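Sequence order for the protein chains is A and B. The first sequence begins at 251 in the numbering used here and counts up by one. The second sequence begins at 917 in the numbering used here and counts up by one.
These are computed hints drawn from the structure, not numbers from a lab. Every value quoted in this text rests on a predicted model; they were computed, and no experiment measured them. By construction, the Cβ of each residue, glycine as well, lies at the ideal position given by its N, Cα and C atoms. Any given hint might turn out to be false.
[To be verified] Computed Cβ-Cβ distance ranges for the label pairs, DEER-style:
id : chain 1 : residue 1 : chain 2 : residue 2 : range
1  : A       : SER369    : B       : VAL1034   : 41 to 51 Å
2  : A       : TRP319    : B       : VAL944    : 30 to 40 Å
3  : B       : ALA1190   : A       : TRP319    : 34 to 44 Å
[What the hints assert, rightly or not] If you want a taste of the chain B side facing chain A, the calculated C-beta under 8 Å gives, among others:
id : residue
4  : ILE1156
5  : ALA1157
6  : PHE1172
[Stated by the list, open to error] Quick look at which bits of chain B chain A covers, simulated, 3 or more residues with Cβ under 8 Å:
id : stretch
7  : 957-966
8  : 1064-1078
9  : 1173-1182
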Amino acid sequence: MNLGTLSRRTGTLALTIGLITTAAACGSGSSGPAASSSPKSITVAVAYPSPPKALLAQFTKQTGITVNWVNIGWDDLQTKIAAAMSANTYFADAADVDWSKVGEYEKTGWFLPLNKYFSPSGLSTDMPQIDTFVVDNKLIGMPFDSSFLVTTVNTKDFQKAGIGSVPTTLSGFSAALKKVGTANGMANPLNIQFATAEGLSTCWYQMTAAFGGSVLSAQDNPAFTSPGSPGYQAMNWMVNAYKTGLVPKANINTTDYDGFTTEMAKNRVAATMCDYSGSLASIYNVPSSSSVVSQTAYEPTPGSTSAGMNVANPDGIGIPRNAKNVAGAVKFIKWFTSTQNQAIWAGLNGTKDVVSTFPLPDRLSSFALLGKAGDIGQASQLAAILKAHARAPFPNGAPPWYAQFSNAVQTNIHEAAAGEETVQQAVNAIASEVQQLKSSG
Amino acid sequence: MSATFRRRILPYVLVSPLVVFIGALSFVPTADTAVEAFFRVMPLDPPTRFTGLGNFRALFSNPVIRTSWINTAVYVAVGVVLSVVLGVAIAVALRRRFRFRGVVLALVVLPWALPAVVEAVIWSWIYNPTFGVLNSALHSVHVIGGYHLWLGLDRWLTILLIEIVQVWQITPLSVLIILAALQSVPQDLYEAARVDGAGAVSSFRRITLPLIRPAVAVAAVEALVLSLNIFDQVYILNGIAPLGSSIMLQTYVTTFQNLNFGGGYALSLLVTVATALLSMAALALLYRRAEAT
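In isolation and in its complexed conformation, chain A is listed as follows (with noise of 0.2 Å):
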C-alpha cells in the first residue's frame, strides 16, 4: 500500500466521521414538536413563574381542564410569539401581551380580539390599566397585573449610614448611596440594568419619566437629542452612575431578571432603580429567597428637582389566533385575573401561594383585600404612587415599530456603559433609527 492510497483511505474515513458527527450535532440542535392542547387542556406561555400548583389543580377541578403552563423569559417569549404567529403555526391557547406589543398585534390580527368575553367599558372601573391594550376598539389582551416602575431601598442599609429618609432628588440619592456604600461595606450600592434587554430600554424610559419628560413627542419624534432634555440627562445619568461604580459591573450582562433582583435579596446592593412594583411581597419578603425580609421599602423615583413620574408597564394575557382551545383559554384568563386570585398571586394567602415576582394586581378590588388584611406588600404605598406617580412611557401608545426602536435603545446605552460609545453617539444612533423607522413605515 503506497503513501498516496494511505492518504486518500485515512481522508475518506475522516470525512465520512465528519459528516456522520456533524449530522449528529445538527440533530441533537432541533426542538422537538409544539406543545399541543387537547380540548381538556391548555398551555399557557407567559413571563412569569406558575402559580402554585395546588390552586391550578382547583382551576382544573372547576373546569377539568389542565394548564400547561410554559414560562419563559420575557425577551424569548417575544421572540417565541413573532417566530410562531410569523410561521402561522400553534405554541400556547394563553400568551403574554405586553403593553408594549398591543399596536404590533392589533396591525397583525396575531391575537383574537376578547370583547366578545370581557366588556372594556364595564370593567375600566376596577381595572385602571385595561385601556392600555385596546386598540380600535379592540380588546387585544386582559392585563394581570398594574405594573410599574419603581424604586425600592434597603431601609435598614440607609438607615445605618444616618440617612432616615431617601432623598427626592437624583443628586441627592447619589449622594446618599456613597454613604451607604461605605457605611454597608458595599463597593457598588445601586441596582440597575445594563445588559442588552427590554429591561434596560424600560429603564431609560423610567429615568427620562423622572427627569420630567418622554423619550417620544407625540408624534413620535426623538425628544431626546438635545442635551438638556431629560431622555438625554437621563441616559447621561445612567451611563454615569455604572461608569463611577454606583453600580455593579456584573449588570453590563445580567440579562435574567430573577438574577438581578437577587443582588437586592442577597443584600449585595442596597436601592434598585426600575424594580418592578410587587417585588417585596414576591422576592424580598419571601423568606426562602430573601435575606432582606422587611427591611426593603418601596420609594418614588427620585427626580432631578423633586419626586419624578412612574412608568407603568402593565402585562396582559391574550389569545392567539391559532389557539387550538379559546374556549379553555376564557375560562382561564377569567379565572387568572379575578379580584380573589389577583390578590392571592401578591400574597393575600401568605408567601406559599404568591406568584414569584408577580406585581400588583390589577384590579382595585384586589387591592382592597390586600389593603383590608394588613396592608400586604405595602399595597396603601403602591396603591398611592401608581394614583400619584404612574403614566405610561410613550405619549401616543407604544408605537407600531417598537420592537426595532427598544432594540436601538438597548442596544446603544448598553454600548455607551460599555465605553465603546459616548452618550451622545448612542443618542444620535437611536435618533437617526427612528428616524429611519418613521420613514420606512
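Fit chain B to the known structure of chain A by using the hints.
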C-alpha cells in the same frame, strides 16, 4: 424484478427518499431564502415587495452588523487554530494505549455531546464575576488582585473567552476525526523510520502530519463552519450586546427581534455564501494529496 430494473431503476428508487428529504429540508428553504433576500418582508408592515439590493445595502450600512462580521472573523480564526492544534495534540496523546484510555476518551468526547446551551450556562458560572471559579482560582494563586468582570466590557477579551467555550465544545470532534486518521497510519512506517535513524519529531513531521493532513483539513473545515455559525455561546454569555456579537446572532436579532424577515433572509444568504466559499478555500488549501518525504 428484472436485471434492467435492478441495474437502472432501483438505485434511483432507493436514493429518492433521501433526495426528497434533503430537497425539502435543505434546498427548498435555501432557494426560498435566496429569493426572499431581495424582498422587503416585514410582518408588521405589509405588504411584501421587491426591493432589489435594498436589504443588503441596509445591512452593510448598519455599524452593528459590520462589527459582527469582524467579530465573527475573529471567532473563526481563534476557533479553527485552537481546535485543530488541540485536536492534533490530544489525538496524538490518545493514540497510545494506556490504562483507562477508554475512560479518558469518553471524557474528552463529553463536551461535544452536551448541548451548546448547557455548556454556555456552565461557563457563565465559571466566568461569573461574583462567585465564578475563574476569579476564585486566579485570585487564590495571586494572578489577580480582585474579582474581575470577564465578559461585556472588553471586546477582544469577551470574544476570546466566548470562543474558548466553543473550542471546548468542538475540539472533541477534531480529536475524533484526527484520531481515526492516526489509527490508520501503519506502524511499519514508524519502525522503518526508526531504523533509518529518525527521531519522534522527525517521524511526526515526515510521516504523521502528511498522512493525517486530509483529516486535519476536514477538522479545520468543521471548526470553520461551526465558528462561523456561533450563536448559543454568544447569546447565553453576552446577550445581544454588539460587543462580542456574531453574525448569526445578528441574523436572529434582525429576523426575530426586529421582525425584519427580508433583512434576516439577506443576512442568512450572505452567511451561507461565506460559509461555502471559506470551506472550499480551506479544503483547497489543506486537502492536498499527501506526500511523505
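Here is how each hint holds up against the structure:
no. : hint                               : result
1   : SER369(A) - VAL1034(B): 41 to 51 Å : holds, 47 Å
2   : TRP319(A) - VAL944(B): 30 to 40 Å  : holds, 36 Å
3   : ALA1190(B) - TRP319(A): 34 to 44 Å : holds, 41 Å
4   : ILE1156                            : holds, 5 Å
5   : ALA1157                            : holds, 4 Å
6   : PHE1172                            : holds, 4 Å
7   : 957-966                            : holds (count 3)
8   : 1064-1078                          : holds (count 5)
9   : 1173-1182                          : holds (count 5)
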